[in-house]
Amino acid sequence: MRILQRYRMRTPSTGREIVIQVDPEKVYLDKETGEELEPVAQLLPLAPTASELPWSIENLRFCNNCDQLAQKDLLECPWCGKPLAPLEK
Numbered sequence: 008m009r010i011l012q013r014y015r016m017r018t019p020s021t022g023r024e025i026v027i028q029v030d031p032e033k034v035y036l037d038k039e040t041g042e043e044l045e046p047v048a049q050l051l052p053l054a055p056t057a058s059e060l061p062w063s064i065e066n067l068r069f070c071n072n073c074d075q076l077a078q079k080d081l082l083e084c085p086w087c088g089k090p091l092a093p094l095e096k
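For the sequence shown, the numbering used here assigns the number 8 to the initial residue and increments by one for each residue that follows.
Calculated from the structure, these hints are not laboratory results.
One or more hints might be untrue.
FRET-style restraints, in silico, Cβ to Cβ [what the hints assert, rightly or not]:
#, residue 1, residue 2, range
1, P93, W62, 15 to 25 Å
2, W86, E43, 12 to 22 Å
3, G88, A54, 16 to 26 Å
4, T40, F69, 40 to 50 Å
5, D74, A54, 33 to 43 Å
6, C87, L11, 41 to 51 Å
7, R9, K89, 15 to 25 Å
8, C73, G41, 45 to 55 Å
9, L11, N66, 35 to 45 Å
10, R9, G88, 30 to 40 Å
11, L82, I27, 21 to 31 Å
The structure displayed is predicted, hence computed values, not measured ones.
Idealized CB from N, CA, C, for every residue including glycine.
Generate the whole structure from the sequences, applying the supplied hints.
Shown next as structure tokens:
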């Protein structure tokens with residue numbers, strides 16, 4: 008289970024971005040410039056979550072019980088709690 012939230016972080020001077028799990032009590036610095044990274048966006052799914060996959064069309068499937076979207080790597084639907092059908096090959 009992932010407890011820390013993933014963020015897209017940006018270096019202000021270069022515009023370079025990275026995706027990392029962020030501890031709110033820490034300051035994150037760019038390795039090349041030494042600048043403090045700015046949070047740009049939170050990534051879905053929000054922590055805490057059992058899934059490590061980001062919410063993108065390639066990583067989602069519909070629950071066979073409640074017809075809601077769930078990540079492919081989950082065994083149970085996060086919405087209804089019922090087991091998800093096996094993935095087709």
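Non-conforming hints, listed in increasing numerical order: The structure conflicts with hints 2, 5, 6, 9, 10, although it agrees with all the remaining ones.
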